[in-house]
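In order, the protein sequence lines correspond to chains W and E.
The first sequence begins at 1 in the working numbering and counts up by one.
The second sequence begins at 1 in the working numbering and counts up by one.
There's no promise every hint is true.
[Stated by the list, open to error] No more than 27 Å apart at the CA atoms, straight line, and that leaves these computed lysine-lysine pairs for BS3-like: (1) E:3 - W:62; (2) W:44 - E:69; (3) W:71 - W:44; (4) E:69 - W:71; (5) E:69 - E:3; (6) E:52 - E:69; (7) W:51 - W:71; (8) W:51 - W:27; (9) W:44 - W:62.
[Claimed, not checked] Beyond 12 Å from chain E on every Cβ pair, some chain W residues (computed): (10) 12; (11) 16; (12) 39; (13) 51; (14) 52; (15) 63; (16) 76; (17) 78; (18) 83; (19) 84; (20) 86; (21) 114.
Worth flagging that the hints you see were computed from the coordinates, not collected in a lab.
Where is the CB? At the ideal position from N, CA and C, for every residue including glycine.
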Amino acid sequence: NAGVMQNPRHLVRRRGQEARLRCSPMKGHSHVYWYRQLPEEGLKFMVYLQKENIIDESGMPKERFSAEFPKEGPSILRIQQVVRGDSAAYFCASSPQGAGTEAFFGQGTRLTVV
Amino acid sequence: DAKTTQPPSMDCAEGRAANLPCNHSTISGNEYVYWYRQIHSQGPQYIIHGLKNNETNEMASLIITEDRKSSTLILPHATLRDTAVYYCIVRTSYDKVIFGPGTSLSVIP
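Only chain E is shown next, with the shape it has when bound in the complex (with noise of 0.2 Å):
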C-alpha cells in the first residue's frame, strides 16, 4: 500500500543529471516526501526528505512541486556506482517505511 508511483526503469548516461519523478497525490499535509536506494542487495541508503521546499545535500536534490504532489530527485552528474532502485516515500516522521517497487536507474558508460 505504498502511496506513491514511479516509472518502474530509467536509463541515465554517466556523467549527465539523472531525474526521477515520483508521484504521490494523495499526500497529507504532515506527510514528507523520502528519497532512498538500494544498490545490489546491500541495506537501503538514506538519500534525502522533504517537506515542501526544494532541498540539496552532497548526494542530490529534491524538488518538490507547489501543490506537493509530485516531486523529482535529481542526482547532478551520475556514476555507474549510482545504479541503483530508488524508492520515493511518503511518510510522518512516526510511520514506518513503506517500500513500493521503486525504479530501477541504471547508469550507461
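Okay, chain W solo, but in the shape it has when bound (with noise of 0.2 Å):
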C-alpha cells in the first residue's frame, strides 16, 4: 500500500511562471489537506478537499492560488504567477472517512523561484 505521492519533489520556476503540484492520495483516501512551509516557519494549513469539492480553503492566498480534487486522478495545487515569496514546501496528507482517523503526509514538493 503506497503511501501519500507528492510529485515532482522538487520544482524551480522563474517568476512569473505557473507552478503545478500534484498529490496522489493513499488508496482509499478521500480527504486531501495541503499545508506550506516556509524555509524555517511552522506548517501552515491551505485548504482541505473531498473528491470534487472544496471543504475549507480558509488557508489559501486570495490570488494565484487555487486547488482542486477530481473525481479521477490527483489533487493539484496550482500557482499562477509564482513569485520569490512563493519559494517554499509544500505537503499533501490525506485520510479516510470515518471517526478516529489518521491523516498520513507525502514527503512534500519544494518550490523554488528564481
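Dock chain to chain to rebuild the complex, using the hints, since each chain is given by itself in its own frame.
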C-alpha cells in the first residue's frame, strides 16, 4: 500500500510562471489537505478537499492559488504567476472517512522561484 | 489557533525514555489527541492518536489523563533518529490538522 505520493519532489520556476503540484492520496482515502512550510517556519494549513469539493480553503491566499481534487486523478495545487515569496515546501496529506482516522503526509514538493 | 500547549524544546539522553507533555484544557468530547513529528524538513510522520484510553503502538505510547485535559507522548528508548519536532494536535476526524509550534526534541548521545 503506497503512501501519499507527491510530485515533483523539487520544482524550479521563474517569476511569473505557473507551478503545478500533484498529490496522489493513499488508496481508499477521499480527503486531501495541503500545507505550506516556509523556510525555518511551521506548517500552515492551506486547503481541505474531498472528491470534487473544496471543504475548507481558509488558509489559501486570495489570489494566484487554487486547488482541486477531481473524481479521477490526483489533487492539484496550482500557483499562477509565482513570486519569490512562494518558495517553500508544500505538503499534502490524505485521510479516509470515518471517526478517529489519521492523516498521512507525503514527502512534499520543494518549490524554488528564481 | 492551535488548541494545545507544548514546551518549545526538550533534551533526552539516548536510550532513555522521552516524555513529551501536552496541555489541551479546552478539548471537546469528540476530539482526539494526535501526535505527529517532523524530522528535518521531511513530511510530518503520524505517530499515534487516542480518544480517552491510553494507547501503545510500535513507535510510542500515549497517556491521556482522566479529565482529558493533558497527555504525554512516551518514546520508550529514544535514539538519535528520534530528534525531531513533535506536534500534539486535537481534532475531530473530520477536521483539518492544525500545527502549533510543537516541541523540538534533541536526543543527546
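Margin query: For a quick check of understanding: which of the numbered hints are violated here, in increasing order?
Written below: 4 and 12
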